[in-house]
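Undergrad: Residue numbers (numbering that gives the first Met the number 0), protein chains in the order written: chain A, 0 to 326; chain B, 0 to 774; chain C, 0 to 174.
Since the hints were made in silico from the structure, they are not lab data. All figures in this text were calculated on a predicted structure; none of them were measured in a lab. Treat the hints loosely; a few may be bogus.
Said to hold, decoys possible - To give an idea of the interface, some chain A residues facing chain B are shown, with a C-beta separation under 8 Å as derived from the structure:
| hint | residue |
| --- | --- |
| 1 | D120 |
| 2 | G123 |
| 3 | G139 |
| 4 | S151 |
| 5 | E204 |
| 6 | T313 |
For each residue, glycine too, the CB sits at the ideal point set by N, CA and C.
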Amino acid sequence: MTPFSFNRATDRDQALTLATRGARFLGGGTNLVDLMRETVERPAALADVTGLSREISETPDGGLMIGAAVTNSALAAHAAVRTRYPVLSRAILAGASAQIRNMATVGGNLLQRTRCTHFYDVEGSRCNKRQPGQGCDARGGFNRIHAILGASDACVATHPSDMCVALAALDALVHLASASGTRTLSLTELHRLPGDQPQIDTVLEPGELITAVELPASALAAHSTYRKVRDRASYAFSLISVAAAIEVEDGRIEDVRLALGGVAHKPWRATRAEESLRGQPASLDTFRAAAEAELAAAVPLSENGFKIELAKRTITAVLAELAGVDA
Amino acid sequence: MKAVEDAKQAVQGAASAVMAKAVQMAPDSWMPGGKPDPLIRAQHGHVGRPISRVDGPVKVQGAAPYAAEFPLDGMLYAALVFSTIAKGKITALDTDAAEAATGVKLVMTYRNAPRMKPMPLFMTSEKACGGNDLPVMQDAQVYWNGEPVALVLADTQEQADHAASLIHVAFEEEHAITALAEAKAKGVEPGQFMGQPLKFENGAAEQALADAAHKVDQRYTTPRHSHNAIELHAVAVAWEGDRLRVHDATQMVAHSAWSLGHVFGIAEDQVHVTSPFVGGGFGGKGLWQHQVLAAAAAKLAGRPVRLMLSREGVYRIVGGRTITEQRVALGADAEGRFDALIHTGTTAMSHHNVLPEPFILPARSAYATKTMKLDVEVAYLDMVANTFMRAPGEAVGTFALESAIDELAHDMGVDPIELRLRNEPDKDPTTGAPFSSREVEKAFRDGAERFGWANRQAPGTRREGEWLIGTGVATATYPYYRMPGGAARITLTPNGAAIDIAAHDMGMGTATAQTQVAADRLGLDMAQVTFNYGDSTLPGVVMAGGSQQTAAIGASVMAAHRALVTELLKLAGNDSPLAGLDADEVVGVNGGLAKIDDASAHESYASILARAQRNELVVEAEPPSPLETTHWSMHSHGAMFCEVRVNAVTGELRVSRFLGSFDCGRILNPKTAASQFRGGIIMGLGLALMEETQYDERSGRIMNPSLAEYHVPVHMDVPEIEVMWTDIPDPHAPMGARGVGEIGITGVAAAVANAVFNATGKRVRDLPITLDKLL
Amino acid sequence: MPITINGSPVPIPSDPRVSLLDLLREELHLSGTKKGCNQGACGACTVLVDGERIVSCLALAVQYDGRKVTTIEGLADGNGLHPLQAAFIEHDGFQCGYCTPGQICSAVAMAGEIARGMPSHVTGELDSGTITLTRDEVRERMSGNLCRCGAHNGIVDAILEVYGTADARVLEAAE
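The whole structure should be built from the sequences, with the hints applied where relevant.
TA: Below you can see the structure in the form of structure tokens.
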């Protein structure tokens, strides 16, 4: 680990000041400390922001405001989240281990970096995300967990978070602060596709701090779930995951939210599928057609072609379960 | 050079074959002690009782010291830099920044490392145990991707790790053979295992296959595996003049002391290796370059050194199980009796080690067949030297063999257990030797009853919701080994006894079981017996490998005990109730010796010692050579039953039930033995479901050197596992017991794959059985 | 502020790179907390911070000033064994013993999570508030602690003996 200076930020202003002097924000450390030890990341200064907001509060609109320093465990266990946004509890509980969920913060979870093994192999592999212009050894190498949607020549990495997939489905907002003020983004705008700049994961400006995640009020969200498919029964990153919420009336799909994990460089909001579902009869055929529509643009790599069919099947099964349609 | 070695090995192999035949022809007295161990008859002692581990309290309190937990005065911390090419030369080494970094005391590369001999390669002589025989940081040549090329010593681990990251190494690459196809195209060589060719032919097997009424002929593949003991390999070393003190995590203390002595040009008794606790071994905790490098750096720096490998470091330096491509062809007559059994294939190996994964071993003794053809060919790769990993050969060989038998049974419409039992041999199919004890049928019948095998349904016919359910069965098999080199010392005092032997307990329960055995042999309470191990200064050269420690320690202690009794009877003299008796006529009982058939003729150890005016009596002895393994065909067996659930939507595979029914002779401690069986089965589940060391064929580099990316089973993957056993003593093994450490992993992958077929109708012949293969 | 470790105040290390794990093992010689991967993937370094389980290898010690850390050495009252330590011995919930301190610390905290009604990935109803400690619940919740010797059955048995309710056992039998 490269030497660094460490400061604990007691409030937002102090955190932002530290950032203007070049400090990286540190949450629970479950990803950044690992990456620093691997020398993938070499920050010269850290600003610990775990002392900032750990509150979950009701918004005037009937939604929830979640402080960025709330731990993953606390968020998953929160009574309002469990009853009104079960997809979010389920997604968090499907990720990592209890120990890591106790440490990891909401803000940090959003900024997790990819699990591509070539990205991690600082000395032995080429990686455009780690070192722009170096090349990509994953494309012809180990890419079982890699992207099937939205990838580029430069990068085929996936975003590893489960929580973010649920947030993408829930139309979550991300509140940001920087020395020049505050702004709010949709979660689906936060993460980028790799394009020719895969070294940049998000649209955050340097020194910009995630202060909170907001869940808008949603009647739909109470009827939601998360399904994760992985290579062992627990404690593994997803191959495919599906976050969904659906409202069916008189056999027709009134409204739906659908997002996919393990498929792209960002949590993937399945807008094509959603469009094809709205107003249609809730049936296996409709669900499968929506999945086909979403995955029409999928491009397999040497080892992950199975994920296209796996994603279609998982989407269909999750929607069927939520809609009460027999598979 | 290679040809000369091969010729030498061939001559040795031929000589040992002649010897083996001679031993087979000899009378039954070829066994440890010359007659069955009297302890087999004892039914009321400690042996056979489910006694909790003697080291349990220190382990659950975190008070058991492992290798990295011996802080030495003035100790420096080490970190390594690894090569990033598979073959070539170091052309530049920039160590300036590292040397200038805070806390750094030494940067060692080939330019300043002390001159050392290569490690003596494992199994090339009695105590040789190097994982490879390459120069250790002696020149600019690079032999594998991940080879250590620099070492840093610093005051703290943080400083050492950072300084290592500042070292820049430039390489000139040479063409390396890293892809199996290219290696095979360059030509394969016959495999050798323990001096014997991995080749056997009896009759015209291909013709018999062609002529057979029923046949299967399939190809099975298995990937690389890593041991992944949770304890990282670690060593702490200190030079005291020309003596080397080594706190190691090893399965072979005596071998390590000798081998390190060889490397540094000092005598083995100048090297003191201890390893009181080892956090898992499975074949991986031997002598690799890190111990040599730590000792070299300590010598250069004049300070004690600790080197704990990072998890990546373990993958880079310590080899694992290598890849196999296997063909199994079975030809059977109308009744299912085998006319032909063919098990051949290819395995990859480095040029610098001795283990072609011997996947044909199970086929040598498992089934009767009219003709047989076995062959392992080796393709050479530029890669980290592969090595022994739990049941080398059997773990992956049984996957192919036992899958093929299931395929044949299905094709013939015969129950797979019945097909196996129809082919039970009455003598060893390859050597012709009689079996020492073989209760395969009982293991199958008892296991089938407990598992409910009779309720099995046709493939693809059981479903609960999304889940397809199926059951499968396979044979487990592992040989009885006892290697030469055993010796034990017994120190008897009026209050008890200490057993000293340079053996190991990496969690197998050795210390507990052997304390039970020694207590019964001596007629003492367990609390009166101390079992000392894990120290190269103790007697014996006993590797914890091949599941041989139970026998090797057992035979050694038997020999020492006999010497002790002989001495005691001499000391007892004519004034003792034991006067006139010889060692065969007495047993240890009630803290002393008694006449076998007359308990009233008894004298306590305290009394004998007191009369002889002795405070203690110390004896040391070696057991006879392990000729029982040549005179008899000695193997453990098991019947492995598995129930799986396969998700019809996602292909996810879960093992919902598992039962292992074993025939391993007498079980010394049902509690610790059950844990060994379960542990093997769980590692087998990993092998079946998820484990693969990802080797990049472009670079020869391991790409998942991490417990996050190399999946081992987690709690959620592990169902309740039932284990049971025949408990029928093997009359030709010490205590009647054959080892239990490795058999558990054998047969598991086939039982799972066969259950998957029963659930889904799909045959998966390529491990691991990941969900993409079941979509 | 110092860190309180097993009841004793310990100064924050001067090098911020020092993990809580290395502080315990190297500076305090509390080597019961084990290093198995140093990357948050094995759980061998699990300790309790203010009663909650974390992996100490990914925790920079400087982040934990003012917190109360309990390690395997501080688990039992006095010199005896914690009931779970005794149950691990009885059920042979370990072989090599290396993952054992992490498993035990993890399970102790898990019992607290169950008591607080914290759901898991396998919990059926998220909004019920009470958790029944079934075998599956234990297996899922302990999945962050790897064991390579394969002592999983004994570990779960030990945990159920100490923390399982009568109801949970009945539920198991009914399955």
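Undergrad: Could you run down the list of hints and mark each one as holding or not?
TA: Hints and how they fare:
no.	hint	verdict
1	D120	holds (7 Å)
2	G123	holds (4 Å)
3	G139	holds (7 Å)
4	S151	violated (21 Å)
5	E204	violated (29 Å)
6	T313	holds (6 Å)
Checked against the numbered hints above, the structure breaks hints 4 and 5 and satisfies the rest.
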